[in-house]
Amino acid sequence: MNDASQVAGPHGGEKKLDTRLDTFPKLLLENARRHGDKHAAREKEFGIWQSWTWRQLAKDVRELACGLASLGFQRGDKLAIVGDNRPRLYGAMCAVQSLGGIPVPMYQDSVAEELQFVMDHAEARFAIAEDQEQVDKLLEIKERCPKLQTIIYEDARGMRHYDQAFIFSSKDVQIKGRELDTKRPDFFESEVAKGKGSDVSIILYTSGTTGRPKGVMLTHDNVRITAKNGIQRDGLRQDEEVLAYLPMAWVGDHIFSYGQAYVAGFCVSCPESSDTVMHDLREIGPTYFFAPPRVYENLLTTVMIRMEDASALKRALFHYFMGVAKRIGIPMLDGKPISLGKRLLYGLGTLLVYGPLKNTLGLSRIRIAYTAGEAIGPDIFDFYRSLGVNVKQLYGQTESSVFVTMQPNGEIKPDTVGTPALQVEIKIADNGEVLYRGPGVFHSYYKNPEATAEAKTQDGWVHTGDAGFFDEDGHLKIIDRAKDVGKLNDGTMFAPKYIENKLKFFPQIKEAVAYGNDRDYVGAFINIDLEAVGNWAERHHIPYASYQELATRKEVIDLIHECVEKVNADLAADAKLSGSQIRRFLVLHKELDADDGELTRTRKVRRGFVAERYGKLVDALYSDTNTCAVETEVTFEDGRTGKIKAEVELRNVDVVAPVARAS
Amino acid sequence: MAKGNGSNGRRIAGVLLNVEDVSLSFGGVQALEDVTFNVREGEIRAIIGPNGAGKSSMLNCINGFYHPQGGTITYKGTKRKQMRPHEAAAQGIARTFQNIALFKGMSTLDNIMTGRNLKMRRNFLWQALYIGPARREEMEHRAFVEHIIDFLEIQAIRKQPVGKLPYGLQKRVELGRALAAEPDLLLLDEPMAGMNTEEKEDMCRFILDVNDEFGTTIVLIEHDMGVVMDISDRVVVLDYGKLLADGTPNEVRRNKQVIDAYLGAVHD
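Protein chains in written order, with my numbering: chain A, 1 to 663; chain B, 1 to 268.
Isolated chain B, as found in the complex (with noise of 0.2 Å):
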């Protein structure tokens, strides 16, 4: 299970995603300051720092959320100040939710389906009609979401409504979602918060396996660091909005101010 960087055959080519001095702020919050670093393709990338420190505000900045005052984030090369959210989710970001946000009344099926929508090309017209092109469309989307129950391993609750399966379930049901768009930047926030062990080891086989079977970049935020430390190749550290340190795990274990900030040394 423990992956070593680099490891057995995996490629993690160019940078997909820069982000540049961006800095956020809510009126007199300071929610990001300044904050660099990148994510290449290819690999696991984990943002980690204590509550407050502006993790899931980064997510937001790069699916597009939230917009940034200062800074740039560049997307498979290309510059970006302002996107939204349908246009980020359009160029192949997709993500999860640190709350889950799925349909609660839908099935686990109905709810994956949801996450092809952007690929769907015939309009709710044709939709509604269900013949001919439509039809042909929705079973080849069907299929597809068929391969991800597969490889999620939750053909036994294919047709429950998400809202009656426990947590850890409908953890996975978000990921499938995120997954059925066919991203290249996978963001997860804290996929694995509220967890047992057991759901959480599940879970990272599933993070690990789509990174392997797909290629799929990942961005994850995480508080349990034993996980952190054992599935990312590269993990940024935030605290107060600043980056504190950015490296492997193993470099970034070492770091003095990563341990004062976690163990809480006082601030001089």
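Pulled out of the complex, with its shape left as it was, chain A reads as follows (with noise of 0.2 Å):
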């Protein structure tokens, strides 16, 4: 099973190969002949594990894409699917790619308007989708999609009494498929063998936190080659197990739950729905996993909380082997020398706590985890790894094909995203944009040669908007968008959110914002935690009646102030950021808040609104007073405005000066 030549050897670097099986469908019919018996894909219905094999796959698909061929799709037409992770909309994918049609996911938590927009703009003749509540939204927005034609629906509960002629059950579907198989027995494969590497085999359309969304088109080249490059630089295997529980629409489930799984040919399993997520984990133990940081946070929450209610005895276990795990598991989860008794003690560790956390946590078989999305505490990242889960960090996009850095296994940091993947060219431009190239660059934005041209240069490098800057060993930190990354008067860099994601890593900072752009040092404004430091001062007796009253005690700016500190610290550590340490900073008297105007309505700070309303405060960062006087207008819960007034302390912060690296 594992023997990695395998996996290599057909769909491996060979040119000669690469030819004949340059797409999809291809790879189905040769994982179903290689190893037809070979499970592809699970998912848990009725309480039991349902299990397709490869050759049964392959048979699905070739039914059900000879029955969308006797409905009338074509070769171009685009199907869009809606629906949970389940096998059956996968191999729906396979199937549209089989008669060179493309699949359109779509998320399946969209409302109508939403999914209107992607199904208008992609021109969909054909959708399919999961259940009722899916065929619904459908059928509202069918009269302003002029172009769909056709609703395929999975799920027949509740379908009985859609009597419309263009909705058709995917089994009726694939019962007219058998017809036209029976009929044309060569038909399936005719087609497949029409598929080229150079076909557009997908269009995701990217959530767009600015205008509208962007489709996507990546060709079965982009997909299948970067898969393969991730494969190769993981080493993964036929016998990995993944779960599949991250929306279709999404590039990183198509890559790790569709590219990767074809080309290794390792199982997918499909969780019974989105409530049984995290048990469907723990009954398929994953191999491969994939979780966007939020997730990480979530599972380490659980614990902590479940850890409260434990019997002493547990809890000191507890807190004792995880002290262990933070001094030896990560060292030696990188492959560094630990001697015997360490090792001997990592062991009881891992027999009375780390191994039986793994098994409830589901990460009891873990060999590669991946975060990517955004930054992950440092706190997080190291709780996984000093278990000894094999978490790393990637950095990609729709428009490479998800792989564009990735962490190599024994060099692991929390605050870099790791060195280019295998293929992929990396550039710094002048303004510190990072730039890629490489086999997985998407195709063009569907319908939208503007934006291709501004997203792609003639000779294929990619803006991410994205500014970074390469560390001492060649790992890519990403910094912050290359639009708020600003200079000081002295000319260093000033990435605004760097510095205030480092701040916010402190359970008792809410909220940071950092000013320095033209101007001579970094300053910050600090919004605490109410609920964390409130409890720090009810532990200290240190009494409050508000949230003000909280934010101007000097114990609190005392405490914040060592959060600073440490940032300095770290700050100091990095070469490029060392000159923008804080300076000064100030606890602000008000939490940030989005009735304000504040904050966007999806908590990010709006920098330039907070500057303008708080310029008296900017002000006395970049002045030498202790305090100010300030007062604001506020908005309360029910709408009325009023005033506070209070005054602000302003406190200096020692720099640390630039540290040569340790170790």
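Honestly, the hints are just simulated from the structure, not real lab data.
Certain hints may be false.
Keeping only pairs whose Cα atoms sit at most 25 Å apart, straight-line, the calculated SDA-like set for lysine to any residue is [claimed, not checked]: (1) Lys159/B x Ala310/A; (2) Lys44/A x Arg116/B; (3) Lys104/B x Ala310/A; (4) Lys392/A x Ser444/A; (5) Lys44/A x Asp209/B; (6) Lys44/A x Phe144/B; (7) Lys200/B x His161/A; (8) Lys44/A x Glu20/B; (9) Lys314/A x Asp209/B; (10) Lys200/B x Lys171/A; (11) Lys159/B x Arg306/A; (12) Lys200/B x Met159/A; (13) Lys358/A x Gly373/A; (14) Lys44/A x Val258/B; (15) Lys604/A x Ile644/A; (16) Lys159/B x Thr360/A; (17) Lys44/A x Lys159/B; (18) Lys590/A x Val634/A; (19) Lys159/B x Arg365/A; (20) Lys510/A x Val353/A; (21) Lys164/B x Arg306/A; (22) Lys44/A x Ile259/B; (23) Lys200/B x Glu140/A; (24) Lys171/A x Phe214/B; (25) Lys44/A x Leu165/B; (26) Lys358/A x Gly410/A; (27) Lys104/B x His279/A; (28) Lys200/B x Asp136/A; (29) Lys44/A x Glu213/B; (30) Lys104/B x Ala572/A; (31) Lys171/A x Gly215/B.
So, partial list: chain A residues that the calculated Cβ filter (under 10 Å) puts toward chain B [claimed, not checked]: (32) Arg160; (33) Thr276; (34) Lys590; (35) Glu591.
Note that the structure is a prediction, hence the values are computed from the model and not measured.
Glycine included, each C-beta is placed from N, C-alpha and C at the ideal position.
Given two chains presented individually in distinct reference frames, assemble the corresponding complex, making use of the accompanying hints.
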């Protein structure tokens, strides 16, 4: 099973074979031929894991493809997919690709209007929906999507009275397919043979923080070669287990649960429902896993809360061995030499704590776990790594078919995203923006040549919009959106979000706003976290009656002062950023609030607005006063407005001399 | 969601249950007085009325828990007077309760499995041994129960003790247990009491789906008028143990006596 050459053999780098197995339908047929009895997909239904072998999957795909053809599906047609992760929906993707069509997966929790935009823009003539709920959404928008002709559904529940002639169950489509297949037995193979690696294999709509979503077109080659490079780099095998639980419309899921599964030939399991993911995770015990930082964070919180309720003995054991894990586990995972005594102690910890804990979390068998999307707190990252869970970070985009950089085994740092993926080149523009070029670079945005030209240069470099740099070990460090990165007066690079994130990793700090562009030094506004600091205050017998009072207490400011000093020490360790240490800070007397326009509704700080609103405080940051009186208008929850006055203290912070990196 | 009477292909057939002149009293309290109505096969029938109108007593008469002093109840063409609840259950009547009556310490799965009890052919000795036919039988029942779990979308709480579940979910588990008996007639006593709007909507959908997919006849008691008018085919209105009105939701809504009873007009 774990014969690596077997995986690398047929689908590896050889040019000759590449032309033969250059599309996913061809890979499916090859997998069905080579190891037809091996499991390709699983789905938990009626409490039991139902499985498909590669041979069964190929048969389903064949019938569905023929059925689609008999319903008039043409080469180049698009089929929209909306539903939870289901093997049959992944199968539909492949069926569409077999016919030279393009699947367009959509986010299943989108409201009808959002679906309408994608359906309409993609000009999808066909749609496949998981169940009645999704069919209802499609019917709601059908009139406004004139191109949509046929709706197919998977789950027949509640569908008995839908008698519209354009709605079909996927079973019926398969029956039609069987008929066509009997009449024209070589139809399917000839359609598959027509496919080329350079054909567009999928359109993925990026959720787009600004403006309308864009349809990113990826080719079979994009997805397949990137998937293969990822497999080679991480040594993925045929016997990996993965759980497909992130939206099918997201590029990551498409690469991990479709691209890499087909190329490496491993089995993808789909959870019973979105509510049972954590349970199913435990039952499957994946070996290869992806989760955004939020998931790791939630898991950790659950563990901590449950430990609080455990007996004193268990709690003591847990805390003792977690301390051991921090000291020994991380270097051990990185392959550093560890003394025998320490190994034995860690072994005992595995027996008593780490093993059972990992088992409860469903992480026992993890060989490689990834996280990406946003910065992960170093504490969270270290927690999993100290347990021996090989969590790594990667950096990628829809436009790059995911992998731009990834952390190699044994070279893991909490604040970098690793080295360039295989065949990917990276360069840093003068303004600090990261550009990349490689086999995964997208074909173009669908029906949007201006946006394509903006994002992709003639010679294939893609603008990420992110600013970053390489550290001494050649690891890429992403610091901020490129447009937000500025310079101090002395020319030092200033990345506000990077500094703010470092501050926000402290539980006591809820929000931070860093200033420094065109200034002499960096100054920061800090919002304390009422719950964490309030708790701390109670334990230290510090009385307070309101947020404002707590935020202006000397002890609290001392507490925050320590945090800022730690951030400075951290920044000092970084040659490029040590100049942007925080010289002065203040603790805001009021919580930044979306109702006052200081945050966006998604809780992102509106830096410009805050600077304007608290202009007096910003001026104070760049003067030498120690206090500043402010009066701020606030909106209360019932919509009334009022004024709050406060005397805000400003603190100077010592700057740490840049240090040569330890070890 | 809204469903007209006798809509889209549902078949409502002959009379399944006929209640004729039923009277029930506890000492001096007249709980039911000469109540007459019928339930047709395949319909959703609601019983409404103010507190103390005799709604639950009516359900208790139907499933044999109370024995009415007067009148007859005809079920599936057979007249009956005295019947025990387990006999009613054996004849295909299942019910849920106003105050949830689940086994709090048992899991959702086990609770619904208890609903299969009457369908088990092997005696408890076989079941205790759990070999051969008993084992096969248990697996068949488990498969059936899993279909119900899937139908009611409660996979995530399959193994959780029901005592720890929120109220709305407990109600759903109770419905699951009633369904496990594969009833012909399902009696629901205030299936939506104490639920928020979203839970109510879910429950409505499940009731409609049960009726639609399995063709189960449903008699329900409910206080939420919106719900009743939306999902039932016909409505019986009781007040002080007497039949006040009987008809489609629209007819009942326009009935003057009903309006008076609900808006608290003075009885003369």
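Okay, the hints, checked on the actual structure:
For the suggested pair Lys159/B and Ala310/A, the alpha carbons sit about 21 Å apart, so the restraint of at most 25 Å is met. Note on Lys44/A and Arg116/B: the hinted pairing holds, with a Cα-Cα distance of about 23 Å set against a maximum of 25 Å. A hinted pair counts as satisfied when its Cα atoms are at most 25 Å apart, and Lys104/B with Ala310/A qualifies at roughly 23 Å. For the hint linking Lys392/A to Ser444/A, the alpha-carbon distance of about 29 Å lies beyond 25 Å, and the restraint is violated.
Only pairs whose Cα atoms come within 25 Å are accepted, and Lys44/A paired with Asp209/B is accepted, the gap being roughly 22 Å. Note on Lys44/A and Phe144/B: the hinted pairing holds, with a Cα-Cα distance of about 16 Å set against a maximum of 25 Å. At roughly 23 Å between alpha-carbon atoms, Lys200/B and His161/A fall within 25 Å of each other, so this suggested pair holds. Distance restraint check for Lys44/A and Glu20/B: the Cα-Cα separation of roughly 49 Å exceeds the 25 Å cut-off, and the hinted pair is therefore not satisfied.
For the hint pairing Lys314/A with Asp209/B, the CA-to-CA distance comes to about 48 Å; that exceeds 25 Å, so the pair is violated. Restraint check: the Cα-Cα separation between Lys200/B and Lys171/A comes to about 32 Å, which exceeds 25 Å; the hinted pair is violated. Distance hint between Lys159/B and Arg306/A is fulfilled; the C-alpha atoms sit about 19 Å from each other, no more than 25 Å. Using a Cα cut-off of 25 Å, the hinted pair Lys200/B and Met159/A holds, with the two alpha carbons roughly 21 Å apart.
Taken as a hint, the Lys358/A and Gly373/A pair is honoured in the structure, with Cα atoms around 24 Å apart against an allowance of 25 Å. Restraint check for Lys44/A and Val258/B: not satisfied, since their Cα atoms lie roughly 50 Å apart, outside the 25 Å limit. Taking the CA atoms of Lys604/A and Ile644/A, the gap is about 23 Å. The hint holds against a cut of 25 Å. Using a Cα cut-off of 25 Å, the hinted pair Lys159/B and Thr360/A holds, with the two alpha carbons roughly 15 Å apart.
As the CA atoms of Lys44/A and Lys159/B are separated by approximately 15 Å, the hinted pair is consistent with the 25 Å bound. Between the alpha carbons of Lys590/A and Val634/A the distance comes to roughly 9 Å, so the proposed pair stays at or under 25 Å and holds. Proposed proximity of Lys159/B and Arg365/A is supported: the alpha carbons are some 24 Å apart, at most 25 Å. Distance check on the hinted pair: Lys510/A and Val353/A sit about 31 Å apart at the alpha-carbon level, beyond 25 Å; violated.
Annotation: proposed proximity of Lys164/B to Arg306/A holds, straight-line Cα distance about 16 Å (limit 25 Å). Simply put, Lys44/A and Ile259/B have alpha-carbon atoms about 51 Å apart, too far for the 25 Å limit, and the pair is violated. Pair hint Lys200/B plus Glu140/A holds up; C-alpha atoms about 23 Å apart against a cutoff of 25 Å. Of the pairs offered as hints, the one joining Lys171/A and Phe214/B holds, with about 21 Å between alpha carbons and a cut-off of 25 Å not exceeded.
Pair hint Lys44/A plus Leu165/B holds up; C-alpha atoms about 23 Å apart against a cutoff of 25 Å. With a C-alpha separation of about 20 Å, the suggested pairing of Lys358/A with Gly410/A holds against the 25 Å cut-off. Between Lys104/B and His279/A, the direct Cα distance comes to roughly 22 Å. Compliance with the 25 Å bound is thereby established for this hinted pair. Restraint check for Lys200/B and Asp136/A: the C-alpha separation of about 20 Å stays at or below 25 Å, so the hint holds.
Pair hint Lys44/A plus Glu213/B holds up; C-alpha atoms about 22 Å apart against a cutoff of 25 Å. About 59 Å separates the Cα atoms of Lys104/B and Ala572/A, which puts this hinted pair outside 25 Å; it is violated. Under the criterion of a C-alpha separation no larger than 25 Å, the hint pairing Lys171/A with Gly215/B is consistent with the structure, at around 23 Å. Satisfaction of the interface hint for Arg160/A is found here, the shortest Cβ-Cβ separation to chain B being roughly 7 Å, below the 10 Å cut-off.
Using the Cβ-Cβ criterion of 10 Å, the hint placing Thr276/A at the interface with chain B is satisfied: the shortest such distance is roughly 5 Å. For Lys590/A, the suggested interface contact is broken, since its CB lies about 34 Å from the closest CB of chain B, more than 10 Å. At about 30 Å, the closest approach between the beta carbon of Glu591/A and any beta carbon in chain B exceeds 10 Å, and the interface hint on this residue is violated.
Consistency with the previously given hints fails for numbers 4, 8, 9, 10, 14, 20, 22, 30, 34, 35, ordered from lowest to highest.
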